[in-house]
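Colleague: In order, the protein sequences belong to chains Y and C.
Residue 116 in full-length UniProt numbering is what sits at position 116 of the first sequence, and the numbering runs on without skipping anything.
Residue 290 in full-length UniProt numbering is what sits at position 290 of the second sequence, and the numbering runs on without skipping anything.
Hint data in this document are derived by calculation from the structure and do not stem from the laboratory.
Don't take each hint at face value.
Pulled a few chain C residues facing chain Y out of the computed Cβ check, cut under 7 Å [claimed, not checked]:
(1) 272
(2) 332
(3) 636
(4) 662
For clarity, every value in this text was computed on a predicted model and none was experimentally measured.
Idealized CB from N, CA, C, for every residue including glycine.
Chain by chain, the residues run as shown.
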Amino acid sequence: MKQSMIINGKAHEITVDGDMPLLWFLRDNLEFTGTKFGCGSGLCGACTVHVDGQAIRSCITPVSTLVDKKITTIEGLSEKGDHPLQKAWLNNNVPQCGYCQAGQIMNAASLLAVNAAPTEAEIDTAMQGNICRCGTYQRIKKAIVEAADTLSKEV
Amino acid sequence: MTISNVSRRNFLKTAGLATGGLVISVALPMNALAEKGIIKDSGDELNAFIHLAENGDTIIYCGRCEMGQGISTALPSAVADEMEADWQRVTVKQGDADEKYGPQATGGSASIRVMYQPMREAGATAKAMLIAAAAKVWKTSAENCFAQAHFVINKTNQQKLAYGELASIAANMPVPEKPVLKKKSDFNYIGKELPRHDQAAVVVGKRIYGVDTKLPGLKYAAMIHCPVLGGALKSLDKTEALKMKGVIDVIEIPRFNIPFGSIGGVAVVADNSWTAQQAVKKLIIAWDLGENAIYDTKEYKQQLVKNVEKPATLAAERGDIEQAFGAAKHKMSATYTGGHLSHAPMEPNASVVWVQKDSCEVWASTQSPADIQKVLGQYLKREPKDIVVHVAMAGGAFGRKFKCDYVHEAAVLSEKTGVPIQLTWTREEDMRTGYYHSINAQHIEASMDEQGNVTGWLHRAAFPSISTLFDPSLVRTPANSLEDITNHLFGIENCRVESGDAKAHTRIGWYRAVYAIFYGFAFSTFADELAYKAGKDPLSFVNQLFDNNKNKEQQANVKRAKDILAIAADKSGWGNRKSLPKGQAIGLAVHYSFQSFVAMAVHVEVNGDDIKVLNVDCAIDCGQVLNLDGATAQMEGAVVMGMSLALSTEITFREGAVVNSNFHDYPVMRITDMPNVRVHIPDSDESPTGLGEPGVAPFAPALSNAVFAASGKRYRDLPFKPMSV
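Just chain C, with the same shape it has in the complex (with noise of 0.2 Å):
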């Protein structure tokens, strides 16, 4: 296969196969990439590929990595559309660690905003092609054809020619420079529901994750982490581990002190994962714990409610917030906290590493396989192209699986005996060494004229951010990472935002909506306790507070979040909630985060303590939606993530180590909960915007706003409802 090279003008380029057929690459400019703030540099070319075999047979592959949230549906189902291409005949491939398919790292539900339009032009390159291929065979002009479920008819005598027959032809023809997309009243499968390419693989147990993946002579791993950040092993007694039937060995992993390499810990490599697991109890350690053995989650949470209600560092200000305080009709003040998380998907983390001599293949449910790569490479001293990488189908991730700890550690022991090695950590150690989400307090302080506008607002923040993992030196959280406190949509004139000091005792990451979980609550829910305050009607009162804004380049995504607010309030019978039996009631909460805007209506019944969550109704405006069912699922699915944190999970840490273990005392949401969520998607015509992770924001303080609707309880702390463990 030769690949041209490809100038940044002609952007899109073909190569034919060895095998024949036709092969298209998307160029996506590094450039365009840099613009949009997706990476940091401009460079070479990178590619993503459609290969159409002359059987028709068309793989197209998706270079971003799929852990639920449907994305190797919706990407190709693009190309798809815009190459009239049949989806029977597609298959779908997830594509290896490869520059080629353009930036991989999946999160910051980025993918659909980043590849929608490369994708298309991807699938209408091929179709512009096989149109000319088509022209010349039938000796008339591309005009006088057109394109549809995988042949190219002749519009003058209606014949047909199939797109497998047309493949070689195709390979042949200049590549359009800029090919025409189609118009979205034309689309076959872009915003329509379409069913995901591998459910039928899924419900007779053939789907692979990375869990699953067999190699002759694989080696089956178990370990123990290190409990406490910056700890290392004192003493290892491994007599009785090594004594058992089918124990190969017991090795030490030290810290690889990166920011995604192994906290440290000692494994142990068996004949199978359950003999692995049974040898790492009998293994007798004494840690020495280090200096975040003080860590204590309770009084740490105290401690960053007292950063925050007091001066802190100036993060950010505009206006006059004194001046603003001093003329206020009202001021009101109120506190807000959240625990540390653990994404704690159904998969724990696994993988397969195989480090040979001069070769190094794993198998990994990851969500960044470039990282794997960068980690890899800096731990065996090898280049990071050198580590080939297979993406496996992850068993959800939401971002713990952007970490690849997991994965260093199989390669150290991969490099150790010389084997394949399949490390699967057990729950316990994925619950217990996390990257969690930060452990958060926040405090605002807002004044109110007679008409109840907001005139001043005070907002610090105080938590251990994930920037810690890069700069662990880091006492504060950064003023970037405030940014979206002083961005809010709420017209706010005089404003000033604080950080107040959290240093990080544990590793903090990503975890599904990220910052905008805590944000959305303490914007969304102070605004109700303001409403009250005013003596004004929750929905009226968030809307002036919208009206206020008078920032010029916010006024289009104002309007969105007021549309979509609007829509959810309307839906969830708002308007005539008076009516609702006593104990019930509605809370409204919109949230703008990773562009997209969600707004959502909670009706609850509260009886005593008990809340119980009846129905949500969910709105949506992510712009043009790519495959609507898809859609709808991510904010069935956000709902319930949403509910665990409003209500029950927290990671507790004690002495430096985390409590928590399984399950049993970190309760994530079961079906016995489950509302009716209904999801309402108005038509778009904006750019596409992700939805994996803005679904979360709005349900946690929807809840405390119905709750107290319901019931005169105002709920601050995430979780409402903590189980003492």
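The shape of chain Y in the complex, shown without the other chains (with noise of 0.2 Å):
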């Protein structure tokens, strides 16, 4: 039987072995680059993607994990990539490679879906896992601070 899972919204048939990693199916199969490969191990974050909403480590979560399951990439975390915290990334020009960042955004997504006003050691205990090696560090935590504050005002 043909299995599946939903990713930004569509579904996409699991044509892979089961074992291989959401990363790689993602990357070289369907061609959503936008998740990147950093370490492989879950060091890094850099290939964080949302399973029904929450932030994970796509390098080391086998598809057979995922089946049914609702997946949200870099790509389809908002329609027009106005979700506030890529926004409040823009305001604050936090990108230099950029390579990280989409993991960066899609962890500071999952931990303001839970906790919408953060505190400054809150945040770096939920973004230790995310590396950015170019050193953007002081402005992802503005961003954020910035997006929470954001959403704390639509509500």
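Now that you have both chains on their own, put them together as the hints suggest.
Modeller: And the structure:
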């Protein structure tokens, strides 16, 4: 029987071996290249996507565990690229090389979904698994605070 | 498209495109570059392009490689400013490998230093020709017209003509011999906080990096490298790997023994990267490790220390240090060390190469497209110009992607399989198959008189140098790589520089800030140690060291170094530091490298062995700043990289091979340790210089000085807290 997962609102049949991590199914088979390969071991966070709204490391999550799950990648975080985090990222000119930023944004979005007004310490704890080698951490923190502020005004 | 010959006097030239519009290219005489030491020979002209279409859309090409440093915004914005182009109408495109863009090798913090003036002249030329076109239409004089935001405006009647309307007419206007550049007060973009041109694509995951390249029929590869430099494959059993579903081939890649060629290894080509990576794990390989299998960095570092704590080979000398030491009131010595570093950009080495019978096309994250052409040309026995290189956005590089061994490997695989190949290194391969920052030791001995003037300075350095890439027979660093010691801005009348033996056992390469990392560490830390020895305030002591520089040629730079240090100190609250809570202190350092001046004041809190960096005040003098926000970002990043290498990152070799494998045992800095970084950039009219690298050097010494002030513990070895691996 055919198995599938929902990626950014659309069903995709799982056409690869069940032990293939979601990252490679996304990148090599479906050509959703916004999700990045950084370490392959869940150590850097570049590959972060959402499964049923929660941030996971797609490089260590086999597709067999994701049957019928709802996956959101950076390409599907918002329809027009206008998620408060995306706007705050632009407003603070966060990215340098930008390679880790999809993972940073997806991880931050997962944080804000459960904690709309995180303290600085809570941001640190939530974001410590996401490495940025260019060193944009200061702006990442600022952008998360700004996005949280925007969200609180929307409610 | 025709391009007429360029006379050197004309400098700039135009050509009409078949599609209409105006194309400006700036001819950058090679001999000017040769004079600046950018290239070795003078010869033909080089170009960079603006394309203004008839609908007003403007493309500005960036010939230098983008890896996050912001050059593809900075340089085009200088063109747009002089051109009076509306930045909203400008699209930036990355130039493929082509001589016409001038030198594309992106390193040495040189892009802005070299390209700022020609880019401005290109923009000013376009503007002059557009104004001339409008004047022709209106039958008035050029003086009666001015340009603003993509329009030319008639001063008499305020009529406007859009740039697009003028493009084709402008293409037939004569090229001004010497375009008039704008006054600083008229800048629209230069010196302002212009957002990066590509940010919107980044935040939605649409920015395409080298690793993201897709082509019809693309196959994916992963590989394992010979763990030891100079080793070779002894035996290979590929049976199990070949049995895996989706595996296409297992291919041996022999070492290509040129500086940027593959170190050698075995690759698997498969339907996707995951399968290729899994199949690599099933290969049964025996290596003949060769003579570098003896390499052990712990022992080697101890040997380097021995080599600098005894007389070594003279590299440079001025005055008479023996006499200075003989007459000294105080004498002091210290030894500093540092380990190998891996660049570890977030995007591991990756490229796509498609070798066909009569073509070779490359898509790569790279810092040096011409080197790809050279290396692949040499491997495939084709002309470098026949290797087409599309320069992709690099997901970080820091010097690693200057070397194209990973592109060469993809070319080997494509040549052997006949299909386009994407080779992506795993993080483990990226960390274990590097071109590492030099492991190093430095020993300094100095003498002072009663007033705390430094009278003599003996400086021995031992590190396997980058020169060993090109001449592996070198047993010690050549004197010319030690010139930054000899020419340091501290005023030291009697100085002797010696080079200690340090043969290379691995590949050494440029790493962000290069030798400035350890020179900056040794100079600024030792100066701080001397200040305490002389019983002086560290800032006054360093200023006195600068003041003792009597070299007329260095006076301007000495002043800039002192001024920038004063700003960092002042902003940090250095004057009130005695009132900081117990356990807190501020440390200072200033370093001049890549023609820029950077000072840092690092404010720490020390609790036992625990070091917490609270604030960093970073002051920079890079002359006229091109993009204020970009410059600020470079410094924030430099603090993070400086902090990683000061506290935790080090590559360890045992039995010739790298022991580290991923971010768990190469602990780069994370968000939890991020201090509050404040960047201070005083206004300057000096020529612009680069900022990619110079920010890294002053962090570690400022931190060492801060920790000492807070706790009395002196760190002389980088990293301060190595992880045992």
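Colleague: Take the hints in turn and mark each one as holding or not.
Modeller: Each hint, compared with the structure:
| no. | hint | verdict |
| --- | --- | --- |
| 1 | 272 | 4 Å, holds |
| 2 | 332 | 34 Å, violated |
| 3 | 636 | 6 Å, holds |
| 4 | 662 | 5 Å, holds |
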